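Asker: All chains, please: the whole structure from these sequences, using the hints.
Residues per chain, in single letters:
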Amino acid sequence: AQSVTQPDIHITVSEGASLELRCNYSYGATPYLFWYVQSPGQGLQLLLKYFSGDTLVQGIKGFEAEFKRSQSSFNLRKPSVHWSDAAEYFCAVGQARTGANNLFFGTGTRLTVIP
Amino acid sequence: EAQVTQNPRYLITVTGKKLTVTCSQNMNHEYMSWYRQDPGLGLRQIYYSMNVEVTDKGDVPEGYKVSRKEKRNFPLILESPSPNQTSLYFCASSLRQGASEQYFGPGTRLTVT
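Those protein sequence lines, which keep their order, are chains A and B.
Each residue of the first sequence is one higher than the one before, starting from 1 at the first, in the working numbering.
Each residue of the second sequence is one higher than the one before, starting from 1001 at the first, in the working numbering.
To be clear, the hints were calculated from the coordinates, so they are not data collected in a lab.
Since the structure is predicted, the reported quantities are computational estimates derived from the model, not experimental observations.
Heads up, none of these hints are tricks.
Residues from chain B shown here face chain A by an in silico Cβ test under 7 Å; the list is partial: (1) Ser-1033; (2) Pro-1106; (3) Gly-1107.
Just so you know, even glycine gets a beta-carbon here, dropped at the ideal spot from N, CA and C.
Answerer: Put into structure tokens, the structure is as follows:
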């Protein structure tokens, strides 16, 4: 069965510091991987996605993520965090199998940015 | 503007009083889905629909109903709400299943007393 693990419930970083949010997945075939961001009181916005090809994907707001099949990971990174990046981040894995659940989400990582 | 809309955004109700949360998308998407979000549990899928008149259960369907009579609308029905259905609900749509980005509505915060 598919599953997604985000081992860090809460991360605090200083503004301007680099960021890495971890995501590990369990899936039998090649997964479709997503990172979403949820700002307080808002819905989910797609940051980036991986379907195939280049394992380093670029997203919006300066975020990138790297798919590592050997480690079953899809970690999200940003070289310099801005105060506006404070939000909750969700990793998700999708599948193409007809009739099945579309997306499995991790439990989220809450990011706090301090001045 | 391409979007998914949900109404109401906030709802407080009492146990047993039937309610409907509406969801509408203007992107002509085939696939629509309902999730609930609870602290520490992330998002869990309630029901999904692959097209008009085609719906199926997700991970946590108990206590919920859905219908898909039109492509753009996918209402979530709680016929007899209970306090354990207090949650934040999201509707989402995508062009198709699998390798397709899901677009989320703004959420509906439901409290059942």
